[in-house]
Each structure stands twice: as C-alpha cells, then as structure tokens.
Amino acid sequence: MDAFISGLSEAIELLISFDPYVMNIISVSMMVSGIALLIAAIIGIPLGAFLGLTNFPGKHLVVALLYTGMGFPPVVIGLFVFILFSNVGPFGSLEWLYTTRAMIVAQSVISFPLVAGFTMTAVMGVNQNLLLQLKALGATRRQILWATVKEARLGVLVSVIAGFGAIISEVGAVMMVGGNIAGKTRVLTTAIVLETRQGNFGLAMSFGLILLTITFIVNFIMLHFQKRKLIGRD
Amino acid sequence: MDAFISGLSEAIELLISFDPYVMNIISVSMMVSGIALLIAAIIGIPLGAFLGLTNFPGKHLVVALLYTGMGFPPVVIGLFVFILFSNVGPFGSLEWLYTTRAMIVAQSVISFPLVAGFTMTAVMGVNQNLLLQLKALGATRRQILWATVKEARLGVLVSVIAGFGAIISEVGAVMMVGGNIAGKTRVLTTAIVLETRQGNFGLAMSFGLILLTITFIVNFIMLHFQKRKLIGRD
Amino acid sequence: SEDETSVLTMATTTSTEDSGLLDELLPIFGDETGYEVDVITVGTGQALEIGRSGDADILLVHAKELEKEFVNDGYGTERFPVMYNDFVILGPTEDPAKVSEANDLDEAMSLIYQIGKEGDSTFSSRGDKSGTHVKETTLWEEFQLDIEGKEWYDSLGQGMGDTLIAANEMRAYSISDRGTFLSMEDSIENLQIVFEDDDMLTNPYGIIPVNPDTHENVNYEAANELVEFFVRDDIQQKISEFGIEEYGQPLFFPNTD
Amino acid sequence: MTDKVIYNLQNISKTYSDKTVLDIDSLTIRKGEILGLVGPSGAGKSTLLRILNFIEHTDSGEVHFLGKVYNKDSLPDLHTRRKVTTVFQRPYLMTSSVYQNIIYPLKIRKQNYDSQRVEKIINKLGLTQLKNQRADKLSGGEAQRVSLARALIFNPEVILLDEPTSNLDPANVKIIEDMIADYRNEFNATVVMVTHNVFQAKRLATKVSLLYKGKIVEINDKDEFFTNPKHKVTKQFLSGDLVY
Amino acid sequence: MTDKVIYNLQNISKTYSDKTVLDIDSLTIRKGEILGLVGPSGAGKSTLLRILNFIEHTDSGEVHFLGKVYNKDSLPDLHTRRKVTTVFQRPYLMTSSVYQNIIYPLKIRKQNYDSQRVEKIINKLGLTQLKNQRADKLSGGEAQRVSLARALIFNPEVILLDEPTSNLDPANVKIIEDMIADYRNEFNATVVMVTHNVFQAKRLATKVSLLYKGKIVEINDKDEFFTNPKHKVTKQFLSGDLVY
Ligand SMILES: Nc1ncnc2c1ncn2[C@@H]1O[C@H](COP(=O)(O)OP(=O)(O)OP(=O)(O)O)[C@@H](O)[C@H]1O
Ligand SMILES: Nc1ncnc2c1ncn2[C@@H]1O[C@H](COP(=O)(O)OP(=O)(O)OP(=O)(O)O)[C@@H](O)[C@H]1O
Ligand SMILES: [Mg+2]
Ligand SMILES: [Mg+2]
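Protein chains in written order, with our numbering: chain X, 1 to 234; chain S, 1 to 234; chain E, 1 to 257; chain B, 1 to 244; chain P, 1 to 244.
Hints in this document: simulated from the structure, not taken from any laboratory. Keep in mind that the hints are not guaranteed to be accurate.
[Unchecked claim] Mimicking DSSO-like on lysine-lysine, the simulated pairs with C-alpha atoms at most 30 Å apart in a straight line are:
{"id": "1", "chain 1": "P", "residue 1": "K137", "chain 2": "B", "residue 2": "K215"}
{"id": "2", "chain 1": "B", "residue 1": "K174", "chain 2": "P", "residue 2": "K19"}
{"id": "3", "chain 1": "B", "residue 1": "K19", "chain 2": "P", "residue 2": "K131"}
{"id": "4", "chain 1": "P", "residue 1": "K124", "chain 2": "B", "residue 2": "K230"}
{"id": "5", "chain 1": "P", "residue 1": "K120", "chain 2": "B", "residue 2": "K215"}
{"id": "6", "chain 1": "B", "residue 1": "K213", "chain 2": "P", "residue 2": "K137"}
{"id": "7", "chain 1": "P", "residue 1": "K174", "chain 2": "B", "residue 2": "K202"}
{"id": "8", "chain 1": "X", "residue 1": "K150", "chain 2": "P", "residue 2": "K107"}
{"id": "9", "chain 1": "B", "residue 1": "K131", "chain 2": "P", "residue 2": "K235"}
{"id": "10", "chain 1": "S", "residue 1": "K150", "chain 2": "P", "residue 2": "K19"}
{"id": "11", "chain 1": "P", "residue 1": "K19", "chain 2": "B", "residue 2": "K120"}
{"id": "12", "chain 1": "P", "residue 1": "K120", "chain 2": "B", "residue 2": "K213"}
{"id": "13", "chain 1": "B", "residue 1": "K137", "chain 2": "P", "residue 2": "K72"}
{"id": "14", "chain 1": "P", "residue 1": "K110", "chain 2": "X", "residue 2": "K150"}
{"id": "15", "chain 1": "B", "residue 1": "K174", "chain 2": "P", "residue 2": "K222"}
{"id": "16", "chain 1": "B", "residue 1": "K19", "chain 2": "S", "residue 2": "K59"}
{"id": "17", "chain 1": "B", "residue 1": "K174", "chain 2": "B", "residue 2": "K31"}
{"id": "18", "chain 1": "P", "residue 1": "K72", "chain 2": "X", "residue 2": "K59"}
{"id": "19", "chain 1": "P", "residue 1": "K232", "chain 2": "B", "residue 2": "K174"}
{"id": "20", "chain 1": "B", "residue 1": "K213", "chain 2": "P", "residue 2": "K174"}
{"id": "21", "chain 1": "X", "residue 1": "K150", "chain 2": "B", "residue 2": "K137"}
{"id": "22", "chain 1": "B", "residue 1": "K131", "chain 2": "B", "residue 2": "K120"}
{"id": "23", "chain 1": "B", "residue 1": "K235", "chain 2": "B", "residue 2": "K213"}
{"id": "24", "chain 1": "P", "residue 1": "K235", "chain 2": "B", "residue 2": "K124"}
{"id": "25", "chain 1": "P", "residue 1": "K213", "chain 2": "B", "residue 2": "K174"}
{"id": "26", "chain 1": "P", "residue 1": "K235", "chain 2": "B", "residue 2": "K174"}
{"id": "27", "chain 1": "B", "residue 1": "K222", "chain 2": "P", "residue 2": "K202"}
{"id": "28", "chain 1": "P", "residue 1": "K215", "chain 2": "B", "residue 2": "K120"}
{"id": "29", "chain 1": "B", "residue 1": "K131", "chain 2": "P", "residue 2": "K232"}
{"id": "30", "chain 1": "P", "residue 1": "K72", "chain 2": "P", "residue 2": "K215"}
In isolation and in its complexed conformation, chain X is listed as follows (with noise of 0.2 Å):
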C-alpha cells in the first residue's frame, strides 16, 4: 500500500514542481491524443450517423465488423503501423517512425472504430420519428445527420470521451511506433511501463495518477456542457 502514499504525494510534487521532464511528458499525451482524437471523430461521427441512419443489406456485418473494430488488439495496429512507416514499408520514405505522427496515426486508428461504434448506437437509440420529422420538414442527408447527433448528442460525447479514454491509456501501440524516446515521443504510460519495468512503482504510480487526474479533468470539462442533459431526468 506505501506505494500509493508515496505515489500520491510523488505525483503532487512532481506537478507542482512543474518538471520539464514530466511537463514535456505530459504535453506530448495531450498533444498526441489530442490530435488522433480530433482526427477520429471528424471522419468516426459523420460515419457512425450515417450508419445508425442508414439500412442496406450487409449492414449487420459492417456493425460487426465496427464492433470488432473496438477490440483492435492497439498492439496489432501499433504493429500494422510499424511495417506501413518502416524504411521498407510503403510510407517508409515519410520518416514518421519514431516521431509523434506515427503516434497519432496509430492512435486515430484505435479510436476510430470506438468513436463510430458508439456513435452509430447512439444514433440507432433516438427516436425513429424524428427522422420522418425531419425528413417531413425538409432537412438534406446533411441535415438529418447533423439534427440527430445533436438530438443523440450524450451518446457522441460519450463515443469521443471512449475513445479519449482508450488512447491517452494505451500503450503497446505508442510504445511500438513511438520508440519512447525520452523528451520527443515519451508519454505517461510509456514512462509508466519503464518505471514499473526498472522497478520504481512510486514513480510509475505517480505517473498514473496524473494521467488519471488529466483524464477526469478532460472527461469533466467535456460533461460540463452535458450537465443539464445528464441530471435532466426530472
């Protein structure tokens, strides 16, 4: 249990103390996730509407297909990346092994699938009279997909804070297409499993728990703008 204790208070000092080193760790999990982030949900939200909205045949493969799609070993995909951007790989002449752009390749890939997956039931969720409403009133393909992510917009938000969630956690993938390399491609888990690894679990804690702290802060600021929605139920 002392590692807790001294996790804890490891991670308050080592925040407070504003490390470059733990700083520029810090920057660079937002900076990466961030940006895989965005990139998922431009193309994952208007893709999963668009599914949950949409009947053809086959559709109950491409859902499964989505589902499978969340669990992606990120090991796999870290790997299926690694040959992409290798010397030898179709993109090796990029050079984007090793930096944070196969970092966020990778992670936009992970997230993807969460984010449409989610997306999508969210949408299949909603009301099916607002779709011949909307349609009754007049709204394009566009404007129906658009109204009903914001009818189903707890859900969205849900999708993106999952797959916030999956990426900013994960680690074979970074880790692999990454390098860890201390100051440039180094995130917090990352640096938690080369803790852990050389057997500093305080630090590896510590670690952790600002991941966590950053993670609840991003989840509650995201939710704020849910609020009533979420406590709505009266």
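Fit chains S, E, B and P with the ligands to the given chain X structure using the hints.
The following block gives chains S, E, B and P with the ligands in isolation, referenced to the frame of chain X:
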C-alpha cells in the same frame, strides 16, 4: 506488406493444424476474458442502469469518475492488482499472482467502468416517459431497472461488446499480473508482444488475426439477437 | 526544426537502457559531436529486425551469434565489442535447492533441475529468445538437462526486469545479467545471487552500425562516430566505473573481446 | 355513491424552473366518482394526474390518500401506489408484443390471473388481431387502446385517464366510454378523466372541474357545471372563448 | 377552386410484415382542396400521409405529384419534396427551445425570413410565453401547436395534418381551424387532414374521404359525403356503428 500475407497464411495454418500451443493460448484468452466480462456485467449493468435512472447531488462527479474509469490505464490497474496480490500485499497469501485468477480480477476491473458507463448512457437515452409509465403501472425499483435495461438493450449489449473488446485486446495488465507464462497464463495479446519483441512480425500478425476473428465471431453472435433492432429502422 | 542528419537512432535492449548507463554516456556524446541520439528500447530480436529494415542507424545488443549473422547477411557493417558484464544465477533467499553450495555451474543447474522435478520450486525463464534467454538455453543444453514442457519451468516471454519481478513473487530460480539484478535489488527482496563467476556466464555487448549499402537512408557517419566514441579510452574508463558509486561494484567491464 | 374520501389535496403547488404550473388550494375526490377535468392547453391537467399517481413530487402541500397523508418528502408504499394507475396522453408501449404489454402489470405483481378476462378485454378493445404484433409500431389509436387495456387489466381502485380517446374514431370512443363506465360500476372504482371534449365530460362524468392556469376555478356536479356555471372563466370556457 | 391536380395515386399498396395496411386503387387531390380523411383506428390514415409526404416508400403503384411520376424506386428531388410537410399525430420536437424548433424549417432552407411573420404565427398560436422554453417538456396541446407553427412557417404548398387538434381544448381548436382555413385561402394551398372529429371535417373540409381497412371506400364533396353517403360502410361510420 509481406508480413500481412505471411501473417494471414500462418494464421490459417495455425488454426487448421489445431496446434496445441495455439489452442491453449486461445482457450486461456477466452476463459479469462469471458469470466471477467461476466463479473463486470453482473455488477456493471445494474449499477449503470441505476445511475442512469437516479438523480442525486454529486451525480455529475460520479459520472465523470465512471467515464474516467474508461480511460483508466490498464497498466495502472495491472500495477494495482499486482500490488494487492503480491507477496507483501494484503492478498498475497492467496497466491493468485501469475495465475489466471489475478488476470480475471484485473480484467474485471478494466471492463467494469466500460460496461457500467455505457449502460448508464444507454439508459439515460431511453425515452423519459418510460420511467413515468413504469411507475404508473406499479413497478418496483428493481422492475423499473430491468424494464429499462430491456428497452435500452442495444446500448447495453454494446456496453458488453465494448468491455469484451477492451479486455480481449488488452496486454499491459495481463502481462503484469499473469506473467505471460507459456501454457499457463499466456494469452493472445501477450503472445503477440512476445513475437513482436523477437522480431517475428509475421507470427505476431497471425496471432492478431486469430484474436480479431474470435472477437468478430463473438460480436456477430451477440448482435444476432439484436438483428431486428439493428435493421429495424423501417 | 532539427536537421535530420543530426539525429541518430539507436535500437537497444531493455537491460542496457534500464541500467542507466546510456543516460550517463549519450549526453557526453551529444555535447561533443552535436548529435542527438534517439534510443529505441525493444527485445533483442526486434532490435535486429529494426536494423534489418533500416529503421535504426545503429544497434547495441548482446547476442553474439545473432549479431554475427546480422553482419554476415550484409545488414551491418561490422560488430565492435564494447563491453561485457556477466550473468548470475538467482534464487529465493531460503535457497531450497542449496544451489549456493554447488561447486560448479553444472551442479548448480542440476540442483535447480532436481528441485523443480520434485515440485518444491520453479524456474522463471525470460523465454523471449533474448541474449539472456539464449544463454540460459545453451546452459541447459550444455549440461543435458531437458526442460521442454516441464511444469516447473515457467517460460515468461518478458523482459529482464519483469522476469525478475515475477521470480521474486514466485520465489523461483532465474538467470539475470548482473546489471539488471543490481539495479533492481532493492525491490526484489526475495531474490539473491546463488551462483556467480563462471567463464560460461559472460555476456558481451556489441555495437553494429547498419550497413549504408543496404539502406541508404541510415546515418552512417554519425553511427561511426558513436562507435569511435564507445571504444575510446576515456569512455571505456567511464564504463568500468559506472555503478560503483551506487552498487559498490561495476555493472560493466570494458571489453577488448 | 359512497362518501368515502379517496383524495384530499391541500395547498398543492408544483413549479418547473420558476414557472408555477399547479397551485391548488383544495381538492377532494370521493370513491366512485368520475371526475372530468377540463381546461385549456397548458393548464396543468397532466401535471395534476402525475401528482395523483404519485409519480411526481409536489413542491409543497399535502396529499391525503386513502386516509394517510403524503407530502413532498413522503410517498405511499408500493402496495398503496399499486392501487392507482394512469393512461397517459402519449402512452409509452414497450418494445415487446401487444400482449406482453397488456399483461405487464399482472406479471410484475406476480399475480395469478384469469386469462379469459384478459382475452375479453383485448377483444372488447378490438386488439385481438394485433395481439402478437410489436407494440411500438402501432397506430395512434391502437396504442391508446393498448394502454387502456394495460390499465384496466389489474383492477386498480383509481384510474387516471389523460384524454384517453383523443386519437380515436366515434365508434371506438363509444366502446371505451362504455368500458370505463362499466368498470367503474363493477368495481366501484374512482376515475379522473382529462378531456377536451365537453360532450365526453357530459356523457361520462359525475363531477366536472375546470383547471385554469394551475388553479381549480370551479368544481361541481356535472349538471350544475354545465347548466349553471358559477365562475366567469367557466362560462368563457364552455362558450369556447377561453384562450389561455 | 382550380382544377390543377396535385396528387394522383394509382394502385398504391403498402405492406408491413405480411399485413397490407394500404391498398388504394386511385386517389386524386386537387390544388386548393381541403381533403378530410376519416376512418376507424388502424385504417391506414397515417400511413397514407407518410406516403403523400414521400417519407415512406410504397410497395407498388405510382404517385403522380405535380405532374411527375414516382414509384417505389424513385422519390422527388429535394426541391419538390420541400413543398410538402406533415404535422404528425405524435409530433417530435427537438431538444432545443420552442423558437428554435419553429424556425428550423427556415434555417435548413437557408432562407431569409420575415421575423415579424414568425412572431405573428407564434402569437396566434398562444406560444409567446413559451418561446424560450425547452420544447421537449411541453404539454400535449402545446407540442401540437408548436408542430403546427413549424409547418406553416415556411409556406408549404401542401400541408398534411394528422389529427392536429386531438389534444386541444375547444377554443384552441377554433383558432387552429381558422388558421388552417386562412392559410389555405391566402396561399391557395392544398390540405389533407386526418380527423376523428366528424364535426371538424364538416367545418373545414371541401372534400371528405373514408379510409377503411386500407381502402378508399368513398370520396366525395363534403356535403354529399355527409348528407348522402353512398357506401354502406360510410353510413355505418357516420352513425358510429363501424368498428374495425
Ligand atoms: N418538466 C417540465 N419542465 C418545464 N415545464 C413543464 C414540464 N412539464 C410541464 N411543463 C409545463 O407546465 C405546464 C402544464 O403542463 P401540463 O402538461 O400539465 O398541461 P396540460 O393541462 O396537460 O395541457 P395539455 O392539455 O396541452 O396537455 C405547461 O405549460 C408545460 O409547458
Ligand atoms: N412500421 C409498422 N410495422 C408494422 N405495422 C405497422 C407499422 N406502421 C403501421 N402499422 C400498422 O398499420 C396499420 C395502419 O396504421 P396507421 O398508423 O396508418 O393507422 P391510422 O389509420 O393512422 O390509425 P389511427 O387512427 O389509430 O392513428 C395499423 O394496424 C398499424 O398497426
Ligand atoms: Mg396534458
Ligand atoms: Mg394515425
């Protein structure tokens, strides 16, 4: 690209040859994730539904915490469980560390917030009139919970799928508390990491493909029961 | 921002990185030459694979046979010996197999084998085809002990640090490089060295620049400078002193192979 | 008609975000009454029914129900609450079959039930053909009839009806009015019915009350209410001149 | 009244899982008509409106609309579809303010609009007080009025009304009937109105049609329909004896 092709053919070969090493890894994976998911669902679904239906001061905070749990780094949970069950930890005498039991504990903790959080979201998305209707018909709290879960069943199912996806593909925590012992606690993801570390990218890919195939089949079966709902937007 | 040629990517194994040696030496190299070294820490096999695909400029690993093969296949220009440390055999503090009383390595390994067979203890192997694991496998073979499929033989498939943590928890026997053991000694209180100092237990580290003829993108110039840096007398001196302050003994020895 | 008091409301008020939608000084409902509740749109009629069914808290005041007192902090126990039910203005049917929806109240009461009686109610309401259909795909009037069947099935002592025939054609309206009257006579049940149809109130109610801006403006025996309205607002309402 | 044909339906049918709910040989609706659509619950009235609004595919047959032909594989383009709208039996209001709901059709048309006219409609329907309230918390009648305002706001050529006054009190009913009549007169718009209220059909419609079990049993000028019904079923319906 070669790695993909060779990975695919290797995967098929491994599967059809019923290689006992591979079969053991698959069965440990399924057993651990299956039991963990069951535990998470039994606690998470009722709790999530309860939170979705009830208003209380500070609910906003509890919700943010739950969603933060979705982004709880698995390695930190692994570390946590490790410390609990280590020789010097409070449950050390159980000798669960480096057995599938510790893995089940860790995976239950990882999947629990996902199941509870998405169930909560799904239940909150149900038409608010349902609650009034159920009360007016004389349903008890428990009956209201159950009826609401039934109405939100697609969302609840997806919460279970999300939980399954998260733990079947997770590697950090099971590695840490299970130890990746060949024939005992080695699962698909830890096997992937092992092969990757050894530079056997093809074999790693093939384990990845096996994992995805399993996830896909499981999802497909689960979704089958929801087929009507899924394509029912007519 | 930064010039591409000023960055050098080195792939190495966890045991090297975790010892902290690189953190001490690489900044000096950076100050002297202006090169910045990105260290990628992976398994031995993966390090060699990264070298084969030209994703690293230089490798620092410890698997002599594999390294030679790497050079022979044309992926590396040459293997330069840098340093060595040694392996130690670890066991639980109560040492149920009485390995510490063994007279030679053969007897030590046999005692571990015996106690495992009796079901009174286990052995934690890295099981990841790393330098350490390859060495361990050679030893079992050398003394004709067949560990294939044995219940007491746990093949972990993990890094050195993780393997030691597991052995510590399971009160198992294991083999480790001295550096990793010393650096983790404080957090693995159940383990102690039960056998050491044998010629067969040396662990040589080599450094290999990736062949620019195979991968033209590699930073061969910088790689060569790093090689020259590592074999320089003052740096070899630093290697031999590294760890004395903290552990009372050196973790690595300068090497002329 | 017996004199037994079922409901007695005292100084009830209900406010939604600063807007007081209900403010009732006093209201008594007796056993066996059919109270017709009329009033313009937004007057608070549905809100009052929610309070009578104990599915919404009041902000202040007391509800005496079957001799016990409840206020904003206390609700009746399950057993008592199960004596009342509502047919909502927009009924919510669960995504199971029509039949499953109708017997739901019996199922949750773990009650042995007379399946012949169930069939009879289903039959009377013209739902026999729809029994095995999914309930969430029904037409407006079908949904309303299922909702009524679901309410009558478990013999509640008090039935609250929120415009139960608003989506129905004349023939169905007649059937339902007859069923309500019969049910009340057979079980000496108490009925509160919101309706916009003054004729319906005339046909069915024993007492009528006008709710206006959250207040009970007038309550009286049916005949008195229609032939001899006391209040100015009632007169306006009956002549169709009362707008909000 | 002009003679211009707006709708002409030929051999339309619609089946839900083996159950044919609509089967219309022929139906013509002309510009400026107010067609009252009556019929028992479940007859297919709402389904017909969905087809007239092109928000549901037919299974067979042709819909001629403004001179073009559409069938189960073809729907009008956006521009044409935007000439029609429906006020649904159970209106769906989005979780924004009442005002936002009402101007939504204008916003999605990216149309400059006369905000005075918006205010006028809101005013007439007695929604001024509710303008900034959340639309998903409205009472039944309030929701119905918002839905009507939202439909009238963008001057559709064809308005389909599905029991638009079912949840309203007499005074409101009158206001809305007047608005519908005025709107039709001002814009020479075409109106199809489902109603269970025979009096309402009498007051408002120019033509009346009886839908029964998915078929159009009779369609005629209002006066003829009520005073001189041709079909046996129509007679039964008008006397209140027609049950499914
Ligand atoms: N949850 C809520 N939040 C805010 N306002 C509400 C809520 N519920 C109802 N109201 C408002 O309270 C007033 C009364 O509503 P209620 O549903 O009781 O009216 P009603 O008399 O049933 O009207 P109608 O005949 O139109 O159904 C309305 O103005 C409505 O907008
Ligand atoms: N999506 C659907 N799936 C299956 N059956 C449906 C569906 N929609 C409507 N129906 C059925 O089609 C029939 C006609 O429905 P419709 O809503 O058109 O009736 P209606 O004439 O409007 O009745 P009401 O006056 O009760 O609203 C009903 O029996 C209904 O149960
Ligand atoms: Mg109401
Ligand atoms: Mg209808």
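Hints, verified against the model:
Using a Cα cut-off of 30 Å, the hinted pair K137 of chain P and K215 of chain B holds, with the two alpha carbons roughly 20 Å apart. A distance of roughly 27 Å separates the Cα atoms of K174 of chain B and K19 of chain P; the hinted pair therefore holds under the 30 Å criterion. Between the alpha carbons of K19 of chain B and K131 of chain P the distance comes to roughly 14 Å, so the proposed pair stays at or under 30 Å and holds. In summary, the hint linking K124 of chain P to K230 of chain B is supported, as the alpha carbons are separated by about 29 Å, within the 30 Å threshold.
Between the alpha carbons of K120 of chain P and K215 of chain B the distance comes to roughly 29 Å, so the proposed pair stays at or under 30 Å and holds. Straight-line distance between C-alpha atoms of K213 of chain B and K137 of chain P comes to about 17 Å, which keeps the hinted pair within the 30 Å bound. Using a Cα cut-off of 30 Å, the hinted pair K174 of chain P and K202 of chain B holds, with the two alpha carbons roughly 20 Å apart. Under the criterion of a C-alpha separation no larger than 30 Å, the hint pairing K150 of chain X with K107 of chain P is consistent with the structure, at around 15 Å.
Using a Cα cut-off of 30 Å, the hinted pair K131 of chain B and K235 of chain P holds, with the two alpha carbons roughly 29 Å apart. Distance check on the hinted pair: K150 of chain S and K19 of chain P sit about 27 Å apart at the alpha-carbon level, within 30 Å; holds. A C-alpha spacing of about 24 Å is found between K19 of chain P and K120 of chain B, which places the hinted pair at or below 30 Å, so the restraint holds. A C-alpha spacing of about 23 Å is found between K120 of chain P and K213 of chain B, which places the hinted pair at or below 30 Å, so the restraint holds.
A C-alpha spacing of about 21 Å is found between K137 of chain B and K72 of chain P, which places the hinted pair at or below 30 Å, so the restraint holds. Restraint check for K110 of chain P and K150 of chain X: satisfied, since their Cα atoms lie roughly 19 Å apart, inside the 30 Å limit. As the CA atoms of K174 of chain B and K222 of chain P are separated by approximately 24 Å, the hinted pair is consistent with the 30 Å bound. Simply put, K19 of chain B and K59 of chain S have alpha-carbon atoms about 25 Å apart, close enough for the 30 Å limit, and the pair holds.
Only pairs whose Cα atoms come within 30 Å are accepted, and K174 of chain B paired with K31 of chain B is accepted, the gap being roughly 24 Å. Annotation: proposed proximity of K72 of chain P to K59 of chain X holds, straight-line Cα distance about 21 Å (limit 30 Å). The suggested pairing of K232 of chain P with K174 of chain B holds, with an alpha-carbon distance near 20 Å, which does not exceed 30 Å. Of the supplied pair hints, the one linking K213 of chain B and K174 of chain P holds, its CA atoms being roughly 20 Å apart against a limit of 30 Å.
Taking the CA atoms of K150 of chain X and K137 of chain B, the gap is near 25 Å; set against the 30 Å cutoff, the hint holds. The straight-line distance between the Cα atoms of K131 of chain B and K120 of chain B is roughly 12 Å, inside the 30 Å bound, and the hint therefore holds. Between K235 of chain B and K213 of chain B the CA atoms are separated by roughly 16 Å; this keeps the pair inside 30 Å, and the hint holds. Using a Cα cut-off of 30 Å, the hinted pair K235 of chain P and K124 of chain B holds, with the two alpha carbons roughly 22 Å apart.
For the hint linking K213 of chain P to K174 of chain B, the alpha-carbon distance of about 20 Å falls within 30 Å, and the restraint holds. At roughly 17 Å between alpha-carbon atoms, K235 of chain P and K174 of chain B fall within 30 Å of each other, so this suggested pair holds. About 28 Å separates the Cα atoms of K222 of chain B and K202 of chain P, which keeps this hinted pair within 30 Å; it holds. Between K215 of chain P and K120 of chain B the CA atoms are separated by roughly 29 Å; this keeps the pair inside 30 Å, and the hint holds.
Between the alpha carbons of K131 of chain B and K232 of chain P the distance comes to roughly 29 Å, so the proposed pair stays at or under 30 Å and holds. A C-alpha spacing of about 19 Å is found between K72 of chain P and K215 of chain P, which places the hinted pair at or below 30 Å, so the restraint holds.
Taken one by one, the earlier hints all hold for this structure without exception.
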